[in-house]
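Colleague: Sequence:
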Amino acid sequence: MGFKEWIIPQDKIFFNLIEEQSQLVLTGAEVFRDIIKDYRPDKLDERAKNVKELEHQSDEVVRKIIQKLHRSFITPIDHEDISRLCTTYDDVLDHIDSVTNWIHLFELKNLDGSIKEFAEIIIKQIREVDLALGKISKLKEKEIGEIFLRVHLMEEKADDLRDVSFAKLFQENDFRKIIIMKEIYEFLERITDLIDDVCLIIQDIVIKNS
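Take the sequence shown: its letters are residues 1177 to 1386, numbered as in the working numbering.
Some hints could be false.
Pairwise CB distance ranges, derived in the manner of DEER restraints [as the list claims (entries may be wrong)]: (1) Asp1350 <-> Lys1311: 46 to 56 Å; (2) Lys1358 <-> Glu1229: 20 to 30 Å; (3) Thr1263 <-> Asp1221: 25 to 35 Å; (4) Glu1229 <-> Asp1335: 23 to 33 Å; (5) His1246 <-> Asp1270: 19 to 29 Å; (6) Asp1369 <-> Glu1348: 17 to 27 Å.
Within a straight-line C-alpha distance of at most 20 Å, the following computed EDC-like cross-link-like pairs (lysine to aspartate or glutamate) qualify [what the hints assert, rightly or not]: (7) Lys1311 <-> Asp1380; (8) Lys1333 <-> Glu1359; (9) Lys1292 <-> Asp1210; (10) Lys1228 <-> Glu1317; (11) Lys1225 <-> Glu1256; (12) Lys1333 <-> Asp1369.
Hints listed in this document are in silico derivations from the structure and should not be mistaken for laboratory results.
None of these values were measured; they are calculated from a predicted model.
Every residue, glycine too, gets a C-beta built ideally from N, C-alpha and C.
Could you put the whole structure together from the sequences, leaning on the hints where they help?
Modeller: The following block contains the structure:
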């Protein structure tokens, strides 16, 4: 029995809300990728507000899910699994918003290649997760396993990118730049960890309910 079938007999609201959140996270990642790919400090204020608005919308979806969980004594999927899925995915968008705020707050004039590489890794990971959530009603253990492997390999690539970026950064003499960029690199790498966690949660749900 697939994910959608577990939910619809009881209440389709959980599936609809999870799907809505997935679209918000994907859109937020796309906006962030576009900010980094076509970096224009003069347009950053407006773009940062777009990310913030998407983050607020995701928070609202999570609030609805948690509220619904509290009102439901029995759910087709374990309460904890639904809660972990939506809150962890919300953390992804929270971190994207935080990185955008850092770039905006410290008025960075330009962005290095590492940040652009991180942005590409993140959007690729999130597309994989969105793929999993979009077809989870018929997702098999083998397929989610393959998706998780691709996401995890990208997370490992991000780990390597962070280490290389740190090595280059610590050759700088600008102490302010070192502090700011180190924080940004760590935030970006943390996002890839969180996406990896989300995919693992999805895999757990599929295995439990297959």
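Colleague: Against each hint, give a clear statement of whether it holds in the structure.
Modeller: Against the structure, the hints come out as follows:
Distance hint check for Asp1350 and Lys1311: the Cβ-Cβ separation is about 47 Å, which falls inside the suggested range of 46 to 56 Å. For Lys1358 and Glu1229, the Cβ-Cβ distance of about 28 Å falls inside the hinted range of 20 to 30 Å, so the restraint holds. In this structure, Thr1263 and Asp1221 meet the distance hint of 25 to 35 Å, their C-beta atoms being roughly 29 Å apart. Taking the beta carbon of each, Glu1229 and Asp1335 are about 31 Å apart, inside 23 to 33 Å as hinted.
The supplied range of 19 to 29 Å is met by His1246 and Asp1270, whose beta-carbon atoms lie about 22 Å from each other. Here the CB-CB span from Asp1369 to Glu1348 is close to 25 Å, well matched to the stated 17 to 27 Å. For the hint pairing Lys1311 with Asp1380, the CA-to-CA distance comes to about 16 Å; that is within 20 Å, so the pair holds. A C-alpha spacing of about 18 Å is found between Lys1333 and Glu1359, which places the hinted pair at or below 20 Å, so the restraint holds.
The suggested pairing of Lys1292 with Asp1210 holds, with an alpha-carbon distance near 10 Å, which does not exceed 20 Å. Distance check on the hinted pair: Lys1228 and Glu1317 sit about 35 Å apart at the alpha-carbon level, beyond 20 Å; violated. Distance hint between Lys1225 and Glu1256 is unfulfilled; the C-alpha atoms sit about 32 Å from each other, more than 20 Å. A distance of roughly 11 Å separates the Cα atoms of Lys1333 and Asp1369; the hinted pair therefore holds under the 20 Å criterion.
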